[in-house]
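Chains B and Z are the protein sequences, given in the same order. Positions 1 to 458 (UniProt numbering) are the ones given, in order, by the first sequence. Positions 1 to 458 (UniProt numbering) are the ones given, in order, by the second sequence.
No lab work stands behind these hints: they were computed from the structure. Possibly wrong hints are sitting among the right ones.
Identical copies carry no separate label here, and so any pair may be met within one copy or between two of them.
Only pairs whose alpha carbons sit at most 20 Å apart, straight line, appear in this in silico SDA-like list of lysine to any residue [what the hints assert, rightly or not]:
id	residue 1	residue 2
1	K334	R257
2	K443	R127
3	K334	L21
4	K241	G125
5	K443	Y130
6	K424	T180
7	K158	L129
8	K424	T366
9	K158	P219
10	K241	P104
11	K241	R216
12	K241	E101
13	K424	P309
14	K158	N103
Protein chains: 2
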Amino acid sequence: MTAAPELLQRLQDVLPAEAILTDPDVTGSYAHDMASFCEAGAPAVVVLPRTVEEVQHVMRTATALRVPVVPQGARTGLSGAANASEGCIVLSLVKMDRILEINPVDRIAVVEPGVINAVLSRAVGERGLYYPPDPSSWEMCTIGGNIGTASGGLCCVKYGVTAEYVLGLDVVLADGRLLTTGRRTAKGVAGYDLTRLFVGSEGSLGIVVRAVLALRPQPPQQLVLAAEFASTAAACDAVCKIMEAGHVPSLLELMDRTTVRAVNDMAQMGLPETTEALLLAAFDTPDPAADLAAVGALCAAAGATEVVPAEDHAESELLLQARRLSLTALEAIKGSSMIDDVCVPRSQLGALLEGTARIAEKYDLTIGVCAHAGDGNTHPTVCFDAQDPDESRRARESFDEIMALGLELGGTITGEHGVGVLKKEWLAREIGPVGVELQRGIKQTFDPLGILNPGKLF
Amino acid sequence: MTAAPELLQRLQDVLPAEAILTDPDVTGSYAHDMASFCEAGAPAVVVLPRTVEEVQHVMRTATALRVPVVPQGARTGLSGAANASEGCIVLSLVKMDRILEINPVDRIAVVEPGVINAVLSRAVGERGLYYPPDPSSWEMCTIGGNIGTASGGLCCVKYGVTAEYVLGLDVVLADGRLLTTGRRTAKGVAGYDLTRLFVGSEGSLGIVVRAVLALRPQPPQQLVLAAEFASTAAACDAVCKIMEAGHVPSLLELMDRTTVRAVNDMAQMGLPETTEALLLAAFDTPDPAADLAAVGALCAAAGATEVVPAEDHAESELLLQARRLSLTALEAIKGSSMIDDVCVPRSQLGALLEGTARIAEKYDLTIGVCAHAGDGNTHPTVCFDAQDPDESRRARESFDEIMALGLELGGTITGEHGVGVLKKEWLAREIGPVGVELQRGIKQTFDPLGILNPGKLF
């Protein structure tokens, strides 16, 4: 696909030459995020604006010429939400990467969308502050992408998701107008919550060009405990006991045996391979050792075969590293993977994992599960050989069957990865026809020409 | 206003006789919430449904006959959002008051909209759980009203506002269809966040008939400290120092001298009348005394003339009671009051209070200020004699001038009370024409006939 001369000409009128990429070998590398099985087209052009005014010019041009626009951050998403559509303008925000303000009294940061999550986290850490959202891709992913997908991470069981940290936004609308929404204040209820509407909207309502984020004071370093179980059911029972007892762990993660082995194979971590499920719990309280002792006792009561508190922060960090490697390690088993993201009420976690095991057996597939267990948010990861058409078909079918099971158990098809291309048929199934009609009405209000990230969500 | 025979007939077809009120002496008592200076019309009829189906019938009838509908909870609101419009159906949800579920593992409650905040708080407390939102009216106000106005309270500095506790909703739409939105899970990002859109929408988008609320484990009982200051500026400086140092108080409240005296006059609380500002800080941590000692030292550094930690929970409760009486006590000074609700970044709190004092002087009025100081959320309360037209005019003008100052300082016209009738001209000023256009578009999507709480917000 070559960009139409008029499109290029108009973009060149305002954007500098280095901000416009047209070489198909280069633009092709912007076609995909990290999701499997998601269609993508060839972009007509990739633009890399550095200012709000440049973004406005891109959107005015797109509106004038009716060209679709696909906004992108680091393309670490897992649902195809950032995939290019044929002949689109890919609007990459990665060059707008300035931290504009960090304010310890107001506990806010003001950032451009291309700021990398880890860069922000470290910058606020130096001021004694904490930006909790920590998706596994935090070393690469951008705040704009995090806002677009409403992403989560390990922190959520205590600190919640990205949405809870977005106070205000500047957004360039489809027609190029600039909207400022939300606030810099701790509270505010002036009108409908447009800010929250943009979070998780996958670039389909506008282009986020600036965000006011809430920060928290930095908590004490967390201490981690590992508990081994002879069955995932027992591990899930421990999760319920821990939450029912009123504990507030800073993370509560589960890795099943397949995941543990995959991580050992990839990184020689020496995790215990004979157990069926490994539970990691952590506390960042004033006395984490005391909290871990209480949680360890609950794990033992639920049948843990071994309970091992980390001796220090280095050992804790090693356990977290193992957890963070999980998805990559599972992908390595057969070269390809489909990462599901089903979230159920945590009381249903055991039923979901049991059902997933049944589905794996039915389709004769390896499905490893790692989970933000404290949130009931699981990532059943279907491992398959993409060269094998039959296995690929079975992978896709099992993936869908896990989502159906999640809905049956009162859950959602996506806890934190979003809908994108991957799950758009499933969105309608989850929210129903009335919900879809209202969502389409909102889309129509914000983007009457339908040029913003078309083909995603619905 | 008498209800048209056809309207009554249709309502009687489905609703029992006791659920339909038409006596003007009775229906007239449903015309107002607790805001001053807000227009209200006479309802044609008041309905008190007990089931979702009855609410659906009311909305279908209203749609068929194009009759406006004003949803109401306990009418404790402070912006006129629940005021009747002429000839409307007042749809009171107070009879739908069942707590349907409390689940300690999933940490959720499922409730009908008419459940009183304090009733829910006590019920979950008995299960070791905690529903934080605690508006001053918590003994009377309903969860449905709290959702409609996105209300706050004393808890917000640590626990946030109502919006953060609403996971899912059942909503009867303008045309009577039932929408289920959101989730029972800890996380979920399937599509646009319609749940959050309804929170704070003041009944203008649909009728909430069921809510899934997030709960937390019950924290330890809080311990309160009182600090006296010779100026509001010094008290605001202490607030900044406390937050900058990374403390997380469970409340951080300010009462100025006018407020302190009014509370003493009303309830003989024995608060110190010689100081200009009283700061209340509390912690519900494992060792609140230690936290209070640290905060006390910061208050002293900011110039506190006296720092008095409560000796026990009874003394703490007394101090909180004084704070909760503030608005009522201020109203008693001259018989009428206008309660503002301006929220600024907390670093601007001193500037807002200083400006408010200037405005009081300019208009020759008594304006008492109590504030959720930790949030930068102030309630400057203009005390006036409603029988005195000139004083009433000055009251209204000073009230507006305080909002203008709040916007100038980077704040919002409403931190937790909402827009309603009282501030609808000001909403446009805060969110700008693009914001208004988009909000109107959303309203149009949900309520194309404009029958839901017309004349509010915009």
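Structure-based check of each hint:
In this assembly of identical chains, K334 and R257 lie within 20 Å of each other by CA distance solely inside one copy; the values are 16 Å within and 71 Å between copies. In the homo-oligomer, the alpha carbons of K443 and R127 never lie at most 20 Å apart, since the shortest distance is 39 Å inside one protomer and 42 Å across protomers. In the homo-oligomer, the alpha carbons of K334 and L21 never lie at most 20 Å apart, since the shortest distance is 35 Å inside one protomer and 69 Å across protomers. For the homomeric pair K241 and G125, the shortest alpha-carbon distance between copies (18 Å) is at most 20 Å, but the shortest distance inside one copy (33 Å) is not.
Taking CA atoms no more than 20 Å apart as the test, K443 paired with Y130 passes in neither setting, with 34 Å inside one copy and 37 Å between copies. Only between protomers do K424 and T180 lie at most 20 Å apart by alpha-carbon distance; the minimum there is 18 Å, versus 29 Å within a single protomer. Both within a single protomer and between protomers do K158 and L129 lie at most 20 Å apart by alpha-carbon distance, with minima of 16 Å and 15 Å respectively. Taking identical chains as interchangeable, the C-alpha atoms of K424 and T366 are never at most 20 Å apart, the minima being 25 Å within one chain and 58 Å between chains.
Taking the closest pair of Cα atoms, K158 and P219 come within 20 Å of each other both inside a single copy (12 Å) and across two copies (14 Å). Proximity of K241 to P104 under the C-alpha cut-off of 20 Å is restricted to the inter-copy arrangement: shortest distance 10 Å between copies versus 37 Å within a copy. Taking identical chains as interchangeable, the C-alpha atoms of K241 and R216 lie at most 20 Å apart only when they sit on different chains, with a minimum of 15 Å there against 28 Å within one chain. For the identical chains of this complex, K241 and E101 are inter-copy neighbours only, at 19 Å across copies versus 42 Å inside a copy, given an alpha-carbon limit of 20 Å.
Proximity of K424 to P309 under the C-alpha cut-off of 20 Å is found in neither arrangement, the shortest distances being 42 Å within a copy and 56 Å between copies. In the homo-oligomer, the alpha carbons of K158 and N103 lie at most 20 Å apart only across protomers (18 Å), although the nearest pairing inside one protomer, at 23 Å, exceeds that limit.
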